Amino acid sequence: MAGLELLSDQGYRLDGRKATELRKFQARMGPFAQADGSAYLEQGNTKALAVVYGPHEMRGSRSRALHDRAVINCQYSMATFSTAERKRRPHGDRKSTEMSLHLKQTFEAAVMTQLYPRSQIDIYVKILQSDGGNYSVCVNAATLAVIDAGIPMRDYVCACTVGFVDETPLADLCYAEESGGVSSLALALLPRGGQIALLQMDARLHQDHLETLMEAAMTACKGVSKVLDEVVRQHLREASMLTRE
Amino acid sequence: MGWLSSLLENMSPMKLCVPGDKLCSVEDCIPGTGVYLRHGYIYSSLAGYVLRKNEGEELPVISVVRETEAQLLPDVGAIVTCKVTSINPRFAKVHILYVGSTPLKDRFRGTIRKEDVRATEKDKVETYKSFRPGDIVLAKVISLGDVQSNYLLTTAENELGVVVAHSEAGAQMVPISWCEMQCPLTHAKEFRKVARVQPEYLDA
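Chains P and F, in that order, are what the protein sequence lines are. Position 230, counted from 1, in the first sequence is what the UniProt record's numbering calls 230; the numbers after and before it change by one each time, with no gaps. Position 49, counted from 1, in the second sequence is what the UniProt record's numbering calls 49; the numbers after and before it change by one each time, with no gaps.
Rather than coming from a laboratory, the hints here were simulated on the basis of the structure. Note that this is a predicted model, so its numbers are computed, not measured. Treat the hints with caution; some may be incorrect.
[Claimed, not checked] Label-pair restraints from in silico Cβ distances:
#1 Lys122/F - Met241/P: 39 to 45 angstroms
#2 Gln234/P - Gly56/F: 34 to 40 angstroms
#3 Arg237/P - Gly40/F: 29 to 35 angstroms
#4 Met241/P - Lys129/F: 52 to 58 angstroms
For glycine and all other residues, C-beta sits at the position ideal for the given N, C-alpha and C.
When you get a sec, could you build the whole thing from the sequences and use the hints?
And the structure:
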């Protein structure tokens with residue numbers, strides 16, 4: 001994409017956003033009544049659906065049960081229609097397995113698993129439309145689903161993917177920016193304590209820029225947490241109005 | 001849920017909170033359910049309403065409640081209601097349906113070993129004469145189990161044991177002693193380890 005500039009001279013990106021602007025956020029908690037917890041989240045054009053079951057008895061091999069805490073079982077998959085070309089293998093490929101492992105590590109840091117020994121919590125996330133920042137949207141959707149399921153958590157988990165272009169950090173990358181050769185970094189943060197749950201980067205970045213990029217990522221995550229907070233409070237208010245009637 | 005809406009009507013609008021909200025310091029309140037303690041402060045771990053209850057002369061207990069009950073897990077010492085699924089000369093396998101009076105969304109599996117069926121003459125117990133598949137049993141959790149086993153339950157108390165059983169003819173049986181039940185249709189007696197129902201629960 002030789003002609004497209006990721007960041008114009010006036011500071012506008014490909015989709016017209018400024019460098020630190022997040023994409024449009026739309027979320028709904030509890031779209032499915034049959035699961036213990038569910039959430040649907042759209043960040044720009046990336047759409048993800050998260051479903052949580054549990055805590056319940058260990059399924060499958062009971063030897064994997066932990067005597068003092070719950071096991072979190074995550075599965076990440078993409079719908080076959082989520083990408084520009086029909087996806088041949090939606091689950092089981094290496095990228096999905098790696099994402100599932102990252103999600104598991106992220107949520108083990110936030111969910112209070114010591115309250116449910118010898119049980120299992122399942123988190124399933126499906127990407128319905130992929131336009132960059134898949135991991136971050138999954139984490140945000142799964143946070144809402146876990147809150148909807150009533151599973152105790154220390155704090156929200158907010159995630160954002162940031163990239164570095166022309167000495168400027170860009171927040172919340174879209175697919176065109178990610179594939180345009182930007183060094184992208186995904187950060188999952190527990191906003192109130194400022195604790196990092198997961199930091200992932202597999203591009204090349206000069207050491208001097210790392211500090212700036214991480215600062216930008218943390219600011220973006222705190223922005224995401226404000227939006228998630230508003231969604232949760234709105235959902236609680238609506239639910240309480242229904243019970244009052 | 002009825003009780004929460006009645007609470008909301010009687011009290012002023014309760015405060016909404018989300019996971020991670022700092023509620024108060026540990027010197028002001030005692031932590032209850034749905035909260036956790038960190039560095040001397042109490043934080044919420046659920047999205048719901050803050051409830052402060054005064055219990056006696058101690059500090060008030062602060063907890064976070066939701067409309068829908070969160071999943072409850074059977075804990076050691078809890079009285080559970082279960083249904084017998086299979087029996088075996090050494091133990092009986094059950095599905096745990098209720099913990100206390102809360103129904104579980106998902107069935108948990110449990111085991112009642114032969115030596116935990118009753119408190120006296122443990123070695124002479126025959127599981128075939130204590131339980132049958134399909135019986136509803138009140139039991140107590142003695143262990144969460146280890147790698148090989150499920151929840152371990154016991155009925156070795158007078159108030160624990162079979163509460164509802166059907167006879168071979170299909171009718172619900174009436175208890176006549178701690179070890180026998182009788183079918184009202186055929187008047188046949190069958191052996192069970194019967195629970196002694198508290199007098200206040202019996203119809204007059």
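So, going through the hints one by one against the coordinates:
no. : hint                                    : result
1   : Lys122/F - Met241/P: 39 to 45 angstroms : violated (57 angstroms)
2   : Gln234/P - Gly56/F: 34 to 40 angstroms  : holds (37 angstroms)
3   : Arg237/P - Gly40/F: 29 to 35 angstroms  : holds (31 angstroms)
4   : Met241/P - Lys129/F: 52 to 58 angstroms : holds (56 angstroms)
Hint 1 from the earlier list is the only one contradicted by this structure; the remaining hints agree with it.
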